[in-house]
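Chemist: These protein sequence lines are chains A and B, in that order.
For the first sequence, my numbering begins at 1 and goes up steadily by one.
For the second sequence, my numbering begins at 1 and goes up steadily by one.
Hints are not guaranteed to be accurate.
No copy labels: a pair is met if it fits in one copy or bridges any two.
[As the list claims (entries may be wrong)] Pairs of lysine-lysine, BS3-like flavour, derived with a Cα cap of 27 angstroms:
| hint | residue 1 | residue 2 |
| --- | --- | --- |
| 1 | Lys13 | Lys108 |
| 2 | Lys197 | Lys261 |
| 3 | Lys181 | Lys108 |
| 4 | Lys83 | Lys116 |
| 5 | Lys26 | Lys261 |
| 6 | Lys225 | Lys197 |
| 7 | Lys108 | Lys83 |
| 8 | Lys27 | Lys13 |
| 9 | Lys108 | Lys24 |
| 10 | Lys31 | Lys181 |
What the hints contain is simulated information worked out from the structure, not anything from laboratory work.
Everything numeric in this text was worked out from a predicted model, so none of it was measured.
Single-letter residue listing:
Protein chains: 2
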Amino acid sequence: MATQIDGKATSLKIQEELAEQVEKIKKEGGKIPHLAAVLVGDDGASLTYVNAKVKACERIGYGSTLVHLPEVTTEEALLEKVKELNENDDIDGFIVQVPLPDHIDEQKVVEAISPKKDVDGFHPINMGNMLLGLPGFVPATPKGIMMLLERYDIETSGKHCVVMGRSHTVGTPVSILMSRKATPGNATVTVVHSRTKDIPSITRQADILIVALGQREFVTADMVKEGAVVVDVGIHRVPAPEKKSGFRLRGDVKFDEVAEKASFITPVPGGVGPMTIAALLYNTMLAAKNEK
Amino acid sequence: MATQIDGKATSLKIQEELAEQVEKIKKEGGKIPHLAAVLVGDDGASLTYVNAKVKACERIGYGSTLVHLPEVTTEEALLEKVKELNENDDIDGFIVQVPLPDHIDEQKVVEAISPKKDVDGFHPINMGNMLLGLPGFVPATPKGIMMLLERYDIETSGKHCVVMGRSHTVGTPVSILMSRKATPGNATVTVVHSRTKDIPSITRQADILIVALGQREFVTADMVKEGAVVVDVGIHRVPAPEKKSGFRLRGDVKFDEVAEKASFITPVPGGVGPMTIAALLYNTMLAAKNEK
């Protein structure tokens, strides 16, 4: 039976460490990190995410600003707001919550964010810096996965890591981080995706399996090697009338059966999910210290 | 016995096509592409490379400028020259030949080049654009490899491609290009490197093997699957007193024995090498048309 990787506890631990750093900065009279979040419209899920980020900032002593703009905000007005945040010296980093309304070009907005304040790490220059092994912001989910592997002392060097999914936000960046000459890293990395033939024959070779496919409970026990480390990035709502919320969460991995075979496994919820906020707050500290 | 992939002929074919485009632009009274190359110092090999690039420009009707600066040029003066080229509307693209003298920070120079004129594709923003599947310049060697696969109608979708080497200029970018949702592309990609355990067990799975390790004749027949496509990026000089030049060239692949097993193979010389110039000229055309 696998050891469950506790993403929630790890995230809180990292947030505690950041809070201690804030205390130290305060004592030394330095600049307290300040994160701003821009939300356009009133999408329920987005509002929840953004509020969680703002609350986490407050909890650990960061400054935080929520910029809530109406759904009808024009692209021009949003770009103007981004410019304002770029120029505001009190704001160390900021994010623009996606998805944006259809009338706004997301990529244009991302590229308008100053790379030095782009704590989401989605600006092409931060992606390029990651690829080149240069300092920069690493997107929250890949960063959170690397932090989990590090905190659980999981050896990655020389291991075969199979990444399922090639998205720009998770699969592709995490494949680069796992392959590069660093710790964690130095793994032999294979990326599989929708066009891959015979996925199980490849996933069964994985010492470390990172699943970011977006398909509910796709990975079954027969696809996993005995003793593998399994990281599940998926998150899906499944109707559950018996629950107060009316749903329960599932990942891309069939947890119960895969947990029987794996050495380590991240649950859903409570695995990778809570780490993204720790990674975002970590990036904001780097931005404040100008150390990204 | 494998079909030899003729990089020299393919490169010349692409250059011919570019020359035809130049003719067409001339007739229409458009802007003729203009490439500039900056060389600092008198390194023999660098001088040869840069001259070859300038000559290729002349042959296909591009404008070309060689900026030859003395070895003692300061970083500041070089950055000033880069700025000048960035601002010169007649220059569509330019390269700064590496290696630079030790007193100059190469990365600083690369980042000073306007991404719109960075036809070598080494600027982080171009690397990031490649990772994100956005328009941008792809570095010459990976681009040249993709062009070869395309011109030889080699199916990549759903194939297992093993990339040997994780360099920023070849291995990592080519792994992204082979994996991404495009043609050529859509391959299942594994990157192996110096920390990989049991390399042959992985390379023997490759339908397409791209070798960019920088180790002379490392890949032997027993490491290759029957019928694989083998692309050799390595280039090494081996003393050969019987030759006028005093040396012969070898790649990262033991050509004679691997050619017995492969379906397609690139020779050294005459394989990937000549393609880099075609890719550079291709990028310069994109820059001139502002279509990168």
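Chemist: With reference to the structure, classify each hint as holding or not holding.
Modeler: Each hint tested on the structure:
no., hint, in the structure
1, Lys13 with Lys108, "neither (35 angstroms within a copy, 37 angstroms between copies)"
2, Lys197 with Lys261, "both (24 angstroms within a copy, 23 angstroms between copies)"
3, Lys181 with Lys108, "between (32 angstroms within a copy, 22 angstroms between copies)"
4, Lys83 with Lys116, "both (13 angstroms within a copy, 22 angstroms between copies)"
5, Lys26 with Lys261, "neither (47 angstroms within a copy, 67 angstroms between copies)"
6, Lys225 with Lys197, "both (18 angstroms within a copy, 17 angstroms between copies)"
7, Lys108 with Lys83, "both (12 angstroms within a copy, 25 angstroms between copies)"
8, Lys27 with Lys13, "within (21 angstroms within a copy, 68 angstroms between copies)"
9, Lys108 with Lys24, "neither (38 angstroms within a copy, 33 angstroms between copies)"
10, Lys31 with Lys181, "neither (33 angstroms within a copy, 44 angstroms between copies)"
Violated hints for the displayed structure, listed by number in ascending order: 1, 5, 9, 10.
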